[in-house]
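Engineer: Produce the complete structure using the sequences and hints provided.
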Amino acid sequence: MSKTVSINVEHITRVEGHGNIVVRVRDDKLETCHFEVVEAPRFFEAMLKGRSWYEAAIITSRICGICSIGHQMTSLKATETALKIPVSEQTVLFRKLLVDGSILSSHLLHVLFLAAPDVLGVPSAFALMDSNPHAVELALKTKRLANDLCDAVGGRMIHPITCVPGGFTDLPTPEVLRDLKTRYEKEMLPMLFEVADILESVAENFPDFTRETEFISLGDASEYPFYDGRIASTDGETYPVDEYLSVTNETIVDHSTAKHTHNKRASYMVGALARLNNNFDKLTDTAKQVAARFGLAAVNHNPFMNNVAQLVECVHCAQTVIGRIDDLLQRGIEPEKPPREWKGKPGRGVGSTEVPRGILFHDYTYDATGRIVKANCVIPTNQNFANVDLDMQAFVPEMLQRGMDDNAMQFNLEMLVRAYDPCISCSVHMVKVD
Amino acid sequence: MVVSIHSGYVPQQAKIVRTEQMTAAEKLFELQIPDGPLGHEPGQFVEVSILGVGEAPISVSSGPNRGPNFELIVRKAGSVTEAMHQLGAGAVMGIRGPYGHGFPMERLKGSDLLFIGGGIGLVPLRSAIHYALDHRSDYGRVVILYGTKNPNEILFRREIEEWKQRDDVEFFMTVDRGSPDWKGNVGVITTLIPPLDLNITNTTAIVCGPPIMYKFVIMALRSKRLEHDQIYVSLERHMKCGLGKCGHCQINHLYVCQDGPVFLYSDIQDVKEAL
Amino acid sequence: MKRRGLLSQKAPLFIRHLMNKGQVYGPVKNKTQMPEFAQVDEPSRVVLDYTTTVLPPKRLFQPPEETIYHFSRKDFTVEPAKVSGDGLKILVGLHNYDAEGIACLDYQMARGPADEGWAARRRNWVFVGVSYEPDQHHFSPSVGIGPDHRNGLDLFMDKADGGYNVELLTERGASLLDGFGGWSAPLPETPAPKFHNRLLPMPSDLPHILARSYEHPIWQQEAKRCFSCGSCTMVCPTCYCFDVFDELQLDMESGEKKRHWDSCQVAPFTEVAGGEIFRKETSSRVRHRIYRKFKYITDHYGRPFCIGCGRCIRACPAKISISEVMNNLARKAAG
Amino acid sequence: MTAKKVRVGFFDFTGCEGCQLAKVSMENELPQILEHIEIVNFREAMSEKSWDMDVAFIEGSITTPACVERINRIRQAAPILVTLGACSTIGGINAIRVGRDLDEIRQEVYGDKRYLFPSLPVMPVSAVVKVDASIYGCPPNPKDVARFLTQFLAGKIPQAPKYPVCIECKLQGNACLLVQGIPCMGVVTRAGCGAWCPSKGQFCYGCRGLIPDANLDALRISFEECGLSQQEIDNKLHLFSGRELEKLS
Ligand SMILES: Cc1cc2nc3c(=O)[nH]c(=O)nc-3n(C[C@H](O)[C@H](O)[C@H](O)COP(=O)(O)OP(=O)(O)OC[C@H]3O[C@@H](n4cnc5c(N)ncnc54)[C@H](O)[C@@H]3O)c2cc1C
Ligand code: SF4
Ligand code: SF4
Ligand code: SF4
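Chains as they are written, first to last, in our numbering: chain P, 49 to 482; chain B, 21 to 295; chain D, 241 to 575; chain F, 2 to 250.
If you are wondering where the hints come from, they were derived from the structure by calculation, not from laboratory data. All the pointers check out, no bait thrown in.
Quick partial rundown of chain D residues pointing at chain F, CB under 8 Å, derived from the structure: (1) Glu-276; (2) Leu-488; (3) His-500.
Computed cross-link-like contacts, DSSO-like style, restricted to lysine-lysine with a CA-CA straight-line distance of at most 27 Å: (4) F:Lys-144 x D:Lys-271; (5) B:Lys-35 x D:Lys-498; (6) F:Lys-5 x F:Lys-50; (7) F:Lys-163 x F:Lys-248; (8) D:Lys-269 x F:Lys-201; (9) B:Lys-203 x B:Lys-169.
We put the CB at the ideal spot given by N, CA and C, even for glycine.
Structural biologist: The following block contains the structure:
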């Protein structure tokens, strides 16, 4: 009996931003299968034009509230590179600390509020309150701790206040840092292990699906690279970040307001799984042990494992937070005096960091008055869309073969999209098309 | 040793004994406090609090001799007044006060009284009207002028009927804009003043209404040759504490909550921000 | 007057000594390295050499934000806020004009129904003054608070060569000195400080100048620059206006009645239901502030309700200067 | 309290989702809040949906014809409609592009495929439907959100302050940045954030929009004295308040 399937998920829930899943199978033939981004366009590159060096990070922060710290870091790096604004070692340490916090905060939100309901079989985190109150408590507490770290360093977690070109306008006191360190040791790590226990108990609910693809992230750095590094691929090559255009190759597709990207293959994946696949050996030992409990090792080609990779990164970050605070306390904290005025030469700068959802590029060209004449931002979620489409196109026939009904297929497809942790609001931006 | 502070702000519980919807926006509350009566002078006000929402200064509208309870008439104007409107008989609100200087009813003994109330301004005047009627022989003529924007906004309809019936009260009313079934005067309140036949040397005018009304009423009274020290006004201002501290109700050097809300016109005629 | 020398390096010892006598408050470095009146936990954090603080010491007696009472909506219980009335409190590093500012508010807070919070927090204080080097905004001598002014102070640390000469002014002050052995002989005096700003008129003339300046065009002129931001009044040691509001906890039952400083310079300050704003024009608000400093209360207090600290000038983003306004009015009145 | 829970829907339009995040970031408060409200529609956090609600919270600005349709539908369903965050309340950062030709921007970003993406001038929700109350800020301050909720649940429609950030800045005891020559927008910006940015040494960039009667002439003078060019001053004013400035002129 030949099968006809029509799946149409309008505004998929529990993802950041608006996207639709459209699948049409007629007489066993896959006619349409893709993920449509219908988020309203936001035109950030155009918004940046004419803006001053001290405003770029404020504006690009608003590309995405969830990755606002990552956008600020990337933006600041691009501006500092372009205008040659010096940055102290202390600034970099604090920025890395802030990035750790933002990774934790975002991953915990995604794993526990947005993705976990799928594997735990409930419709939302609110429903989880009845079925698994302890999981909710863990979620709230760990996230609070992640946010507290961001608040302390950035002034606030969403659209941080203190990060400006050349440094910080305000820094936490040693007392605050000491307190955070204790809480990360005594509370954060044990709670993350409990989260791991919960996920491990439902590990069989992660669908078994693999499709070979390329994984791209920062890499080739002295530590697990959230803040710095070269562009690295599981296909073996590395590239300097300012050659990112040759890796991303953005194109416009008709079914989506977000652009698609590809490198050597038809698509590539970015995000926690990509980072882990490229940098497994840089993880802390404890993080590696958590990965091992889920059979996760480099290179893993199951996109659903992205959620597990996020958990592994949480453990890693919680530990690096502790180390970095020790480091800062030992050095002693100097008040910073970031420049209020900057007279530089015109120039171009590319900044890249890893945000929770993958590798991010900001590319600014400044004129002599310190105003942006050209800007480009390439956002991780965009880089994943082509890979999501190809995954779906491979997954649907597999599911048909397993004899799944429409509902089960829809559930699995939504789960697949969520596994990528798409952050659609930031994806909707475009490069200047020449 | 630990000391309590700000006990002056602590409200006492007032129980709502009866409510009456007077117009679409105004509601009457009859309140009872444990050790009633309130002990207020006509023209004084209380700070009413709805815990969690806030406080609002509200005039005591009933006369001091009207039994253990007292009445407030509240216009729905914002948060606190809105919240009050949601309360019915049996509910409790907080009351502190009474505050301020009221109408000097003792001093006015023997005088003819001319009450001029515009809109909700009749609410504080009513306490003085009650007082005058409860001590009717102490006063000369009692004349009441009352104006509202339109007939729908008329307060105290039953009471007004009673005043009209009495032959020791002269009551005149007008509305700014009439309606098909309105038979009475149409026009602003100042139009009621010229026809009055007053015993000028022995009349005291008591005025309360919206800010814009005072100037014109006083002009009309002046052309009747009433002196500045024969006119009392009751003023409204933003108020937060009622204790002469928060500064919101200040008009030049005066605090409405402490020095007023009732002022002798001659005392404030040179106070620039007053009227 | 008894004077004893206190070498600079002994000052922390002296503060430590005071900490044994009572709770010590004073200008301590805050997070942004600015002196701010607060409790002293460590003598070395006290800043004795400063021009002015952003907020005046009134914040110790009327905190920027404070609880009036706690309530529960469930059973309508109301519990007034409490403060500790125990023990001696010592305020070190107070400038003489700020002591006068506290005196101004002592007067105002006791008028009519007394402010219980102020009264309770003002009990048991000993004030230890210190001299200061004026910046370009100070004009205290013009309102009768010259460098030798000692009103309201119990001890005074007069800056001298190499340290301070400590003056004993009251009995209360004397009791603080018992048991401190770190004195030296009186130190050589330093020249009296120079003031860079001043009021032209005599203090007693200020109300008269304002009496005839109500309709003066200067209010409109200043209003063009004024942001109505309220900073001038928020930092003024003799301002005391506040807003009262309720804060409910998320349990929707318990909450607090609170107050925080408010400013007559912002437009909504006089707004009533119906939208009427009684001081609608910026010019009327600019005028109101200055009349409050030099006329309204002055008429019965007998001295300016401004202590010349210059905080309002320092804090004004529009660079409006109360001394300049008064001087312009005085000049116009004279000429 | 056993009172019936208030049924709440959250709806997002064009924005960065920071407001969504601001809500779920109230970890300490969330459990208590959920005792008083029942969330019946919240795409980002849940899969079930209902349109039977007492109040709708709207995030994001109106930027496409589809947005207009959807917000009208929500307005019809919700007795009370509250905007949450700068985008829905004042147009937000999206309104940076106010005053620039929309087609030109689309061309710049999408090239000759621009026809695929219909777009309207950025609008705050109030430009399309009646708004009953607003929570300002980009992002909204969690304390402000909590304050709003408690007041709202206590039966009052909370109003945002009409005075500027400086009041709160002074309550914190900060020395003024503008006086030090740092171009702070606090003097013309609606308070309610607790002077979040100036208290951290950063100038206020006006995310809560302008106060009524903001003295913009004086602001221009002050900013010139800080060394800003006219273009920079315009940029600063248009960062969040593009829509509000348009209303003024
Ligand atoms: C001496 C006096 C006697 C009054 N007597 C009565 C009366 O008998 N009946 C009656 O209905 N009303 C009376 N009012 C007016 C009443 O106090 C206000 O309508 C009420 O405070 C509005 O509060 P709200 O919380 O409902 O409004 P809000 O939501 O707080 O505010 C609505 C508007 O009212 C303004 N407002 C806030 N607080 C006050 C305040 N304390 N006074 C005036 N406006 C304020 C606000 O600025 C805002 O513009 C009197 C006012 C005064 C000063
Ligand atoms: S008015 Fe200005 S100078 Fe005078 S006391 Fe107040 S802040 Fe100081
Ligand atoms: S720093 Fe900004 S917010 Fe603070 S007082 Fe100055 S102008 Fe106002
Ligand atoms: S200080 Fe200004 S920019 Fe910062 S949160 Fe407040 S209003 Fe927004």
